[in-house]
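*Asks:* Chains as they are written, first to last, in my numbering: chain A, 213 to 328; chain B, 3 to 109.
Worth flagging that the hints you see were computed from the coordinates, not collected in a lab.
Quick caveat: nothing in here was measured; it's all calculated off a predicted structure.
Backbone N, C-alpha and C fix where the C-beta goes; we use that ideal spot for every residue, glycine too.
It cannot be assumed that every hint is accurate.
Unchecked claim - Label-pair ranges, simulated between beta-carbon atoms:
no.: 1; chain 1: B; residue 1: Thr22; chain 2: A; residue 2: Ser267; range: 24 to 32 Å
no.: 2; chain 1: B; residue 1: Ser79; chain 2: A; residue 2: Ser327; range: 40 to 48 Å
no.: 3; chain 1: B; residue 1: Gly18; chain 2: A; residue 2: Gly227; range: 50 to 58 Å
no.: 4; chain 1: B; residue 1: Pro61; chain 2: A; residue 2: Gly278; range: 27 to 35 Å
no.: 5; chain 1: A; residue 1: Ser327; chain 2: B; residue 2: Glu76; range: 25 to 33 Å
no.: 6; chain 1: B; residue 1: Ser54; chain 2: A; residue 2: Gly222; range: 26 to 34 Å
no.: 7; chain 1: B; residue 1: Ser12; chain 2: A; residue 2: Gly238; range: 30 to 38 Å
no.: 8; chain 1: A; residue 1: Gly227; chain 2: B; residue 2: Thr20; range: 27 to 35 Å
no.: 9; chain 1: B; residue 1: Leu17; chain 2: A; residue 2: Ala287; range: 45 to 53 Å
no.: 10; chain 1: B; residue 1: Glu76; chain 2: A; residue 2: Ala287; range: 42 to 50 Å
no.: 11; chain 1: A; residue 1: Ser219; chain 2: B; residue 2: Lys41; range: 17 to 25 Å
no.: 12; chain 1: A; residue 1: Thr296; chain 2: B; residue 2: Gly18; range: 38 to 46 Å
no.: 13; chain 1: B; residue 1: Ser69; chain 2: A; residue 2: Gly238; range: 15 to 23 Å
no.: 14; chain 1: B; residue 1: Ser33; chain 2: A; residue 2: Gly278; range: 38 to 46 Å
What the hints assert, rightly or not - Anything over 12 Å on all C-beta distances counts as not near chain B; from chain A, calculated:
no.: 15; residue: Gln225
no.: 16; residue: Lys231
no.: 17; residue: Asn247
no.: 18; residue: Gln251
no.: 19; residue: Gly256
no.: 20; residue: Thr275
no.: 21; residue: Arg279
no.: 22; residue: Thr303
no.: 23; residue: Phe315
no.: 24; residue: Gln320
Here is what each chain is made of, one letter per residue.
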Amino acid sequence: EVQLVESGGGLVQPGRSLKLSCVASGFTFSNYGMNWIRQAPGKGLEWVAYISSGSSYIYYAETVKGRFTISRDNAKNTLYLQMTSLRSEDTALYYCARWDYGFAYWGQGTLVTVSS
Amino acid sequence: DIQMTQSPASLSASLGETVTIECLASEDIYSNLAWYQQKPGKSPQLLIYDASSLQDGVPSRFSGSESGTQYSLEINSLQSEDAATYFCQQHHDYPYTFGAGTKLELK
């Protein structure tokens, strides 16, 4: 069974940093591109970042480019999102998702709240 | 960026009815479109990929179609468990973008 489990969310002050993790199981992690997608409270979905299976290709949404860094450790079956210079508008539930022909598998999300 | 204009924002329908949700892409996305269902407090679930292919395990009352840059999700014979918010998403080009969502309420 495919499982994605995010962690690392919490309350953080504006301008500070936070690192999210997503541990994958039930599939060969190193074979799949992975994504971070976020959802602000009561709002829609926003794709944040993508990393290819071997980390050769990385893409970001303009709203996070230069502040967020996606990475992965295939030996640990773990996806990361390093977030810096956080803003109130980054407050959201952050999901990791595996890309197949769509976002076929999602984690349960980890909540990031940016507030003073 | 490719914009996805989704309509309606909300709709109310009765059990057994058929509803259609639409997404208009700002440019040609060559059928690279997916549909998701999200229930309150839950992660989104993939329903349709490549505009009209049904994801494994998804009931056949869900179907997708396209006409030019207009994409549609049809739900036949509405069931109570279909009450949810539905999103379209293009994967033709980065940044991948979602529609704003359609909240479906069952009367």
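*Asks:* Run every hint past the structure and note whether it holds.
*Replies:* Hint-by-hint comparison with the structure:
no.	hint	verdict
1	B:Thr22 with A:Ser267: 24 to 32 Å	violated (41 Å)
2	B:Ser79 with A:Ser327: 40 to 48 Å	holds (45 Å)
3	B:Gly18 with A:Gly227: 50 to 58 Å	holds (53 Å)
4	B:Pro61 with A:Gly278: 27 to 35 Å	violated (43 Å)
5	A:Ser327 with B:Glu76: 25 to 33 Å	violated (42 Å)
6	B:Ser54 with A:Gly222: 26 to 34 Å	violated (41 Å)
7	B:Ser12 with A:Gly238: 30 to 38 Å	holds (36 Å)
8	A:Gly227 with B:Thr20: 27 to 35 Å	violated (50 Å)
9	B:Leu17 with A:Ala287: 45 to 53 Å	holds (50 Å)
10	B:Glu76 with A:Ala287: 42 to 50 Å	holds (44 Å)
11	A:Ser219 with B:Lys41: 17 to 25 Å	holds (23 Å)
12	A:Thr296 with B:Gly18: 38 to 46 Å	violated (51 Å)
13	B:Ser69 with A:Gly238: 15 to 23 Å	violated (38 Å)
14	B:Ser33 with A:Gly278: 38 to 46 Å	violated (33 Å)
15	Gln225	holds (27 Å)
16	Lys231	holds (21 Å)
17	Asn247	violated (8 Å)
18	Gln251	violated (9 Å)
19	Gly256	violated (5 Å)
20	Thr275	violated (9 Å)
21	Arg279	holds (15 Å)
22	Thr303	holds (17 Å)
23	Phe315	violated (6 Å)
24	Gln320	violated (6 Å)
When held up to the earlier numbered hints, the structure conflicts with 1, 4, 5, 6, 8, 12, 13, 14, 17, 18, 19, 20, 23, 24 and fits the remainder.
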